[in-house]
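S.K.: Residue numbers (numbering that gives the first Met the number 0), protein chains in the order written: chain L, 0 to 197; chain Z, 0 to 200.
If you are wondering where the hints come from, they were derived from the structure by calculation, not from laboratory data. These figures come from a predicted structure and were not determined experimentally. Beta carbons are placed, not taken as given, at the ideal position from N, Cα and C, and that holds for glycine. Some hints here could point you the wrong way.
What the hints assert, rightly or not - Derived Cβ-Cβ restraints for the label pairs, each shown as a range: (1) Z:Ala30 - L:Ser22: 27 to 33 Å; (2) Z:Pro177 - L:Lys48: 35 to 41 Å; (3) Z:Pro177 - L:Asp57: 40 to 46 Å; (4) L:Ser127 - Z:Val185: 39 to 45 Å; (5) Z:Ala30 - L:Ala25: 27 to 33 Å; (6) L:Gln33 - Z:Asp165: 29 to 35 Å; (7) L:Ile63 - Z:Phe21: 51 to 57 Å.
Claimed, not checked - Stretch by stretch, here's where chain L covers chain Z in the computed footprint (C-beta under 8 Å, at least three residues): (8) 42-53; (9) 65-78; (10) 117-125.
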Amino acid sequence: MTLREMIRMIVVLTCVTVVCAGSLAAVRLATREQIDYQQIKFIKEPALKKILADYENDPVADRIQVPTGKDARGRPVHTTLFPAKKGGEVVTVVLEASGPGYKGPIGVMVAIDPKNDRLQGIAVTTHSETPGIGTKIIDEPSFGAQFAGKSLSANFQLASAGGEIQAISGATISSGGVSQAVARAVGIYQAVKPELKF
Amino acid sequence: MAARIVQEFTKGLWKEIAPLRFALGICSALAVSTRVDNALGLGIAVVFVTCMSNVLISLVRNLVPDKVRIAVFISIIATAVVIVELVMQAYFYPLFLVLGIWIPLIVVNCIVLGRAEAFARKNPVALSLADGLGMGLGFTLSLLVIASIREVLGSGSWLGIAVLPDGYPGFGFLLRPPGAFVIFGVLLAAMNVVSKRLEKR
Numbered sequence: 000m001t002l003r004e005m006i007r008m009i010v011v012l013t014c015v016t017v018v019c020a021g022s023l024a025a026v027r028l029a030t031r032e033q034i035d036y037q038q039i040k041f042i043k044e045p046a047l048k049k050i051l052a053d054y055e056n057d058p059v060a061d062r063i064q065v066p067t068g069k070d071a072r073g074r075p076v077h078t079t080l081f082p083a084k085k086g087g088e089v090v091t092v093v094l095e096a097s098g099p100g101y102k103g104p105i106g107v108m109v110a111i112d113p114k115n116d117r118l119q120g121i122a123v124t125t126h127s128e129t130p131g132i133g134t135k136i137i138d139e140p141s142f143g144a145q146f147a148g149k150s151l152s153a154n155f156q157l158a159s160a161g162g163e164i165q166a167i168s169g170a171t172i173s174s175g176g177v178s179q180a181v182a183r184a185v186g187i188y189q190a191v192k193p194e195l196k197f
Numbered sequence: 000m001a002a003r004i005v006q007e008f009t010k011g012l013w014k015e016i017a018p019l020r021f022a023l024g025i026c027s028a029l030a031v032s033t034r035v036d037n038a039l040g041l042g043i044a045v046v047f048v049t050c051m052s053n054v055l056i057s058l059v060r061n062l063v064p065d066k067v068r069i070a071v072f073i074s075i076i077a078t079a080v081v082i083v084e085l086v087m088q089a090y091f092y093p094l095f096l097v098l099g100i101w102i103p104l105i106v107v108n109c110i111v112l113g114r115a116e117a118f119a120r121k122n123p124v125a126l127s128l129a130d131g132l133g134m135g136l137g138f139t140l141s142l143l144v145i146a147s148i149r150e151v152l153g154s155g156s157w158l159g160i161a162v163l164p165d166g167y168p169g170f171g172f173l174l175r176p177p178g179a180f181v182i183f184g185v186l187l188a189a190m191n192v193v194s195k196r197l198e199k200r
């Protein structure tokens with residue numbers, strides 16, 4: 000093999016891979032927003048539909064990201080807010096937070112009425128609770144229903160800890176996880192509320 | 000030239016239809032052929048990849064030294080596949096969730112590299128495009144036939160629409176992997192019988 004051949008091989012292979020990588024980066028950039036939208040749409044929208052009754056916009060398309068503190072490695076953490084609008088006005092703001100459950104974090108979507116600072120409803124999105132026991136937080140609608148209508152200044156701890164939320168008997172830890180998630184979501188909302196412009 | 004293009008295109012649909020003649024690319028073909036819509040989705044993705052890789056490989060065929068050709072081919076094929084994956088994720092998300100792992104696996108689908116090696120690197124762009132289109136559509140066609148049989152007999156529907164009466168219990172065996180092999184074998188046998196009859200004429 001002559002030196003000429005070797006150089007030719009290296010040049011051709013380099014050019015081909017550079018062009019491939021470049022076109023992939025371009026396609027990735029062009030599709031990124033749409034992919035984010037699709038992922039949120041298919042994963043979050045079913046939960047959104049459950050807690051939002053009356054809205055006219057696409058809360059996923061109108062979502063806003065707000066910085067909410069930093070993680071352990073110092074990178075900023077963002078929370079996504081989904082505004083639901085009716086007649087051009089924001090009637091509900093939905094955000095997700097998680098609390099510690101029996102076997103892992105419980106993710107809860109919380110719907111907040113921004114005018115009256117009241118909760119409109121909650122829905123559990125992700126969890127790994129024991130089927131039939133911890134999952135009562137989903138299966139017993141009366142548990143989630145207690146949150147609706149509560150003021151944001153309410154004490155979202157369980158009644159056993161001096162709060163206003165009645166735990167499901169036999170599923171205290173899971174109930175506590177949900178109420179902590181709600182308290183966190185409310186905390187995040189109140190922290191970012193002054194910066195929100197709709 | 001036009002006759003040649005037509006000939007290269009149509010050979011992929013019957014005479015050299017890859018999965019049913021050479022048993023090429025059957026791994027993904029059998030895995031996603033439980034439903035017609037999934038088969039159609041994977042088929043379209045493969046058509047895009049065979050066309051794009053054939054055209055690009057044919058374009059660079061005189062520049063690429065023989066010793067690095069496989070590396071160049073695979074880079075081009077992998078790029079085409081990732082483009083398909085990203086576009087599918089962006090615009091056909093439910094289909095992307097169903098096809099999942101089978102999309103990246105198109106890279107190693109032997110039809111794609113096979114056409115690059117056997118055809119595109121020796122032929123001009125127009126013929127390579129015709130070959131890629133024909134081979135891709137042939138793959139889609141095989142998938143559609145297998146999926147139609149499996150979906151109709153297995154779950155009593157076609158493209159999600161019920162075609163058999165309500166009481167049809169469903170032939171669950173056909174929806175599982177062994178059922179795919181049985182259908183595939185029956186189709187291969189049928190193809191051979193039909194071809195022999197046609198040759199005798």
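S.K.: Now, for every hint given, state plainly whether the structure supports it.
M.R.: Right, here's what the structure says about each hint:
1. Z:Ala30 - L:Ser22: 27 to 33 Å: holds (28 Å)
2. Z:Pro177 - L:Lys48: 35 to 41 Å: With a Cβ separation near 40 Å, Pro177 of chain Z and Lys48 of chain L satisfy 35 to 41 Å, so the hint holds.
3. Z:Pro177 - L:Asp57: 40 to 46 Å: holds (44 Å)
4. L:Ser127 - Z:Val185: 39 to 45 Å: holds (44 Å)
5. Z:Ala30 - L:Ala25: 27 to 33 Å: The hint (27 to 33 Å, Cβ to Cβ) holds, given that Ala30 of chain Z and Ala25 of chain L are roughly 31 Å apart.
6. L:Gln33 - Z:Asp165: 29 to 35 Å: Taking Cβ atoms as reference, Gln33 of chain L and Asp165 of chain Z lie about 40 Å apart, which means the hint is violated.
7. L:Ile63 - Z:Phe21: 51 to 57 Å: holds (54 Å)
8. 42-53: n = 0 at 8 Å, threshold three: violated.
9. 65-78: holds (count 8)
10. 117-125: violated (count 0)
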